[in-house]
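Peer 1: Based on the hints, put chain B in the right spot on chain A.
2 protein chains.
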Amino acid sequence: MFESAEMHHEVDEKTYDKDIEKLREELVDAQYDMLEDKSFPVVVIVSGFDGAGKGETANLLQEWLDPRHVRSRAFGAPTEAERLRPPMWRFWSALPPKGKIGVLFGSWYSDPISQRFENEIDDRELDTRLEGVRSFEQLLIDDGTVIVKLWFHLSKKAQRKRLKELEDDKLTRWRVTKNDWKTFEKYDHFRKTSEHVLRETSTGAAPWLVIDGSDNKYRTLMVGRALLAAIRGRLNAAPKLKKNPKKTGAGATPPSAVSMLHTIDTTAILKTLKFDEVVEKADYKKRLAHAQESLGKLARHQGMQKHSVVAVFEGMDAGGKGGAIRRITQSIDARAYQVIPVAAPTDEERAQPYLWRFWRNIPRIGRFVIFDRSWYGRVLVERVEGFASEEAWSRSYREINEFEEQLASSGIILAKFWLAVTKDEQMRRFKEREATKRKRYKITDEDWRNRKKWDEYVVAASDMIDRTSTPYAPWTIIEANDKNSARLKVIETLNDRIKDVF
Amino acid sequence: MFESAEMHHEVDEKTYDKDIEKLREELVDAQYDMLEDKSFPVVVIVSGFDGAGKGETANLLQEWLDPRHVRSRAFGAPTEAERLRPPMWRFWSALPPKGKIGVLFGSWYSDPISQRFENEIDDRELDTRLEGVRSFEQLLIDDGTVIVKLWFHLSKKAQRKRLKELEDDKLTRWRVTKNDWKTFEKYDHFRKTSEHVLRETSTGAAPWLVIDGSDNKYRTLMVGRALLAAIRGRLNAAPKLKKNPKKTGAGATPPSAVSMLHTIDTTAILKTLKFDEVVEKADYKKRLAHAQESLGKLARHQGMQKHSVVAVFEGMDAGGKGGAIRRITQSIDARAYQVIPVAAPTDEERAQPYLWRFWRNIPRIGRFVIFDRSWYGRVLVERVEGFASEEAWSRSYREINEFEEQLASSGIILAKFWLAVTKDEQMRRFKEREATKRKRYKITDEDWRNRKKWDEYVVAASDMIDRTSTPYAPWTIIEANDKNSARLKVIETLNDRIKDVF
Chain A
1 MFESAEMHHE
11 VDEKTYDKDI
21 EKLREELVDA
31 QYDMLEDKSF
41 PVVVIVSGFD
51 GAGKGETANL
61 LQEWLDPRHV
71 RSRAFGAPTE
81 AERLRPPMWR
91 FWSALPPKGK
101 IGVLFGSWYS
111 DPISQRFENE
121 IDDRELDTRL
131 EGVRSFEQLL
141 IDDGTVIVKL
151 WFHLSKKAQR
161 KRLKELEDDK
171 LTRWRVTKND
181 WKTFEKYDHF
191 RKTSEHVLRE
201 TSTGAAPWLV
211 IDGSDNKYRT
221 LMVGRALLAA
231 IRGRLNAAPK
241 LKKNPKKTGA
251 GATPPSAVSM
261 LHTIDTTAIL
271 KTLKFDEVVE
281 KADYKKRLAH
291 AQESLGKLAR
301 HQGMQKHSVV
311 AVFEGMDAGG
321 KGGAIRRITQ
331 SIDARAYQVI
341 PVAAPTDEER
351 AQPYLWRFWR
361 NIPRIGRFVI
371 FDRSWYGRVL
381 VERVEGFASE
391 EAWSRSYREI
401 NEFEEQLASS
411 GIILAKFWLA
421 VTKDEQMRRF
431 KEREATKRKR
441 YKITDEDWRN
451 RKKWDEYVVA
461 ASDMIDRTST
471 PYAPWTIIEA
481 NDKNSARLKV
491 IETLNDRIKD
501 VF
Chain B
1 MFESAEMHHE
11 VDEKTYDKDI
21 EKLREELVDA
31 QYDMLEDKSF
41 PVVVIVSGFD
51 GAGKGETANL
61 LQEWLDPRHV
71 RSRAFGAPTE
81 AERLRPPMWR
91 FWSALPPKGK
101 IGVLFGSWYS
111 DPISQRFENE
121 IDDRELDTRL
131 EGVRSFEQLL
141 IDDGTVIVKL
151 WFHLSKKAQR
161 KRLKELEDDK
171 LTRWRVTKND
181 WKTFEKYDHF
191 RKTSEHVLRE
201 TSTGAAPWLV
211 IDGSDNKYRT
221 LMVGRALLAA
231 IRGRLNAAPK
241 LKKNPKKTGA
251 GATPPSAVSM
261 LHTIDTTAIL
271 KTLKFDEVVE
281 KADYKKRLAH
291 AQESLGKLAR
301 HQGMQKHSVV
311 AVFEGMDAGG
321 KGGAIRRITQ
331 SIDARAYQVI
341 PVAAPTDEER
351 AQPYLWRFWR
361 NIPRIGRFVI
371 FDRSWYGRVL
381 VERVEGFASE
391 EAWSRSYREI
401 NEFEEQLASS
411 GIILAKFWLA
421 VTKDEQMRRF
431 KEREATKRKR
441 YKITDEDWRN
451 RKKWDEYVVA
461 ASDMIDRTST
471 PYAPWTIIEA
481 NDKNSARLKV
491 IETLNDRIKD
501 VF
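Sequences listed follow chains A and B, in order.
Residue 1 is where the first sequence starts when you use this note's numbering, and the numbers rise one by one after that.
Residue 1 is where the second sequence starts when you use this note's numbering, and the numbers rise one by one after that.
Calculated directly from the structure, the hints in this document are not laboratory data.
Treat the hints with care, as some may be off.
Since the list gives no way to pick out one identical chain from another, each pair is judged satisfied if it fits inside one copy or across any two copies.
When the alpha-carbon atoms are kept at most 20 Å apart in a straight line, the in silico PhoX-like pairs for lysine-lysine are as follows [unchecked claim]:
id: 1; residue 1: K186; residue 2: K18
id: 2; residue 1: K38; residue 2: K98
id: 3; residue 1: K285; residue 2: K170
id: 4; residue 1: K157; residue 2: K192
id: 5; residue 1: K217; residue 2: K157
id: 6; residue 1: K100; residue 2: K18
id: 7; residue 1: K100; residue 2: K442
id: 8; residue 1: K156; residue 2: K297
id: 9; residue 1: K297; residue 2: K178
id: 10; residue 1: K306; residue 2: K14
id: 11; residue 1: K439; residue 2: K18
id: 12; residue 1: K170; residue 2: K286
id: 13; residue 1: K297; residue 2: K170
id: 14; residue 1: K452; residue 2: K14
id: 15; residue 1: K18; residue 2: K437
The following block holds chain A by itself, in its conformation from the complex (with noise of 0.2 Å):
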């Protein structure tokens, strides 16, 4: 991969003050119109060799385009709040809104290479890291962002001079440490480490760019072009993928797939559930005060110290979410725990891939989030009522279930709650709902409206259920018809989801 970049680049001063101007010019031009367009972020990914110019490009797209809309970020050793979290929760936090451009230094490609040049990972690690990273970079081209990757190169002669001349000017010393030096020394495992990692990551939808980081103006000139040339290209994309909405993003399921989904009938999962359960209330209150006490010392366990809790509440309106979170959280301390009612997204949520917005409420080690409703309503809501297309909604499992990966390789207990009723017990809680005043509130025209289709979202919540459950974050279906024994269950199973890991 690095072979054209270690044959020598030069461009003479007439050619570069001539083509530079114009570069500029149509490079505000591009950051203007995609501001306009607001479709689309760009993020622009700095990596590559000490002292290859990848500070000096940094300033360079600050200068060069209006920096009001250039959100730099530059990733070091993780803070607390970040190593409390699965490590791409940084990532997440520090990507553009659409419309704008972020540069990234340090960004998801900097772990496993240099963990790899360190031999702390082996080579299959590294592998399963990097197949996390094409995956996350899918999700973002599904959802329209386009990616530049630039690998600043320098051929190993090259790099020692470099290193000198940083050196050797007092203003740039300090940018030279001995960690620099003793990589180094390892230039060829390091090259051979990087080009691994650059060509497992080069895909068609975000290729990487292999620039040679010698002469500043021919950098200067490559990094420009690059960047005008994704821009403009994906403006000019732009109306096409407009005209067929359905088809966003390169890797898009293709409407074949999705009619495939269509033909497999999963809702005998919900359809064949049986409501018999019912526990007396003096029993109900014995088992509820035992698990409730269970779950405050497993709250309190030291297991805690190394784990978070995420618990999902979904189901058919009037199922009695809001009672069982309830009865969890009344056991853990106020302290430890946050409640997300997910509702419309604000607008910065809006601007930014699906998921941000859960990713922004994961917990660190030791808490608990219970979300009230969830991701899933990409799958169940949206898929539904058509606020997603279909390419967007069936893609969906693929990029929760890696989501949800990600939660629980690092440390995150992940439970599951489908809350289950039958037509007939919906139809007599909405009544008694409208029958109370103080609980009015909880019923309005769009629950009437949900239950006519009913059926649909049968049909897309044993889909969810079907294709999201697995070993690391099961569903458990609850049979909510009768509230006591819907509650002991949720917090009987949330209590064994923890004891199993602890």
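Peer 2: Coordinates of chain B only, in the frame set by chain A:
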């Protein structure tokens, strides 16, 4: 303050059942009305003696109200991210948006009370803290926030009884820690400390309500009624406030004070500037390299382990803010700084008090944050264009000074720059921008409109400099007709500010 609460209060079951149903109905109605009104948030502060029902109140509100519009937040020991920022930072981030209710356990009262109780601070320091608390609450109130401060009280006898009850129940035993008993032994001292704090912070607009916590039913009714009265009171007052929008908030500056402001002419500050300093290119290059080297060293100095830097840039359009900022960022590691361009607020930001979006970007210790335009927009463009009412911008001076004092006293080094150019020089730059294609984005119709209001901006900027130049956050006026000398003065002043502290 506790006399009434120490007289035992009880409510009989019959009265309770009758009242509670109606109260819950009315609360939900009120919650929905404020949600629709969307002009103010409610902050409920839950404090008091251990065992007096703080946790129960949390669960209660969660159960009574529509929990999707209630944000509960409990504060324990600060996280690393919180420890590395000013103490109020975590409370700002927990404020509910307009239309919603925030329930805070362990609010801004916890530290002052417990630190005084533990003799970590003396009476004088406590009173300084409480002065800060009052200012903060006044800021919220002026912004329209309704603050409900609940203190759950227990007499010594009642607390002993309650702690024992909690200990005897295995479900609640964990809630009683050794520390609780230790605190109990010093009941009188704790009572005295809290009473002082409550008295000092019970203001007309945000009085404390002391509630006898010994009877569940009584406590429950009191909490519900207090919250209802607060929301309804504000909703009923709202139409009047709307008729006369300039007088929002209880603490708004009276009109007489505003017209008094106008009698002082501060414009000499900006009208007597001398623009004769010119630095030639060769000299500039040498001095800039030197200044950048110093700044680079300061950014890596061990003093940054205790401090961070906030630099604020304001100035007339085309004053050269961007260029000056880039000369700073060029010398700092990209991981150590962030440039925050201040543009239109997002909807999450609009639903909060004005300063919220700046608090959001306050750096942790060790970092630089550079604001390209800032919170001073309130007293500049918002004043001149009439976006903020006179009362709003005129009370901002004080709010801003207090904000900056908080930053400074937590170790943040503040440097504020006003980039002044003459009217002729501005015209020259506007024309140059129009003539240079890649600079055209820098000149908009708005710039021409602002130019027409040149004199008003001079008045606003002069008042601003006059009223917000403080020892801990002084303004530096930069005569910026000559870019070289302006950039040098900015970076050299910044270096001096940092050196003074290290």
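Peer 1: State for each hint whether it applies.
Peer 2: Evaluation of the provided hints:
1. K186 / K18: neither (40 Å within a copy, 80 Å between copies)
2. K38 / K98: within (5 Å within a copy, 27 Å between copies)
3. K285 / K170: So K285 and K170 pass the 20 Å test across copies only (14 Å; inside, 74 Å).
4. K157 / K192: This pair counts as within: shortest intra-copy Cα distance 16 Å, inter-copy 74 Å.
5. K217 / K157: within (19 Å within a copy, 81 Å between copies)
6. K100 / K18: neither (28 Å within a copy, 57 Å between copies)
7. K100 / K442: Between copies only: 17 Å across, 39 Å inside.
8. K156 / K297: So K156 and K297 fail the 20 Å test inside a copy (58 Å) and across (29 Å) alike.
9. K297 / K178: between (49 Å within a copy, 17 Å between copies)
10. K306 / K14: Intra 60 Å, inter 49 Å, cutoff 20 Å: neither.
11. K439 / K18: between (71 Å within a copy, 17 Å between copies)
12. K170 / K286: between (74 Å within a copy, 12 Å between copies)
13. K297 / K170: Only across copies: K297 and K170 sit 10 Å apart there, 59 Å inside one copy, limit 20 Å.
14. K452 / K14: This pair counts as neither: shortest intra-copy Cα distance 71 Å, inter-copy 42 Å.
15. K18 / K437: between (75 Å within a copy, 14 Å between copies)
In summary, the numbered hints that this structure violates are 1, 6, 8, 10 and 14.
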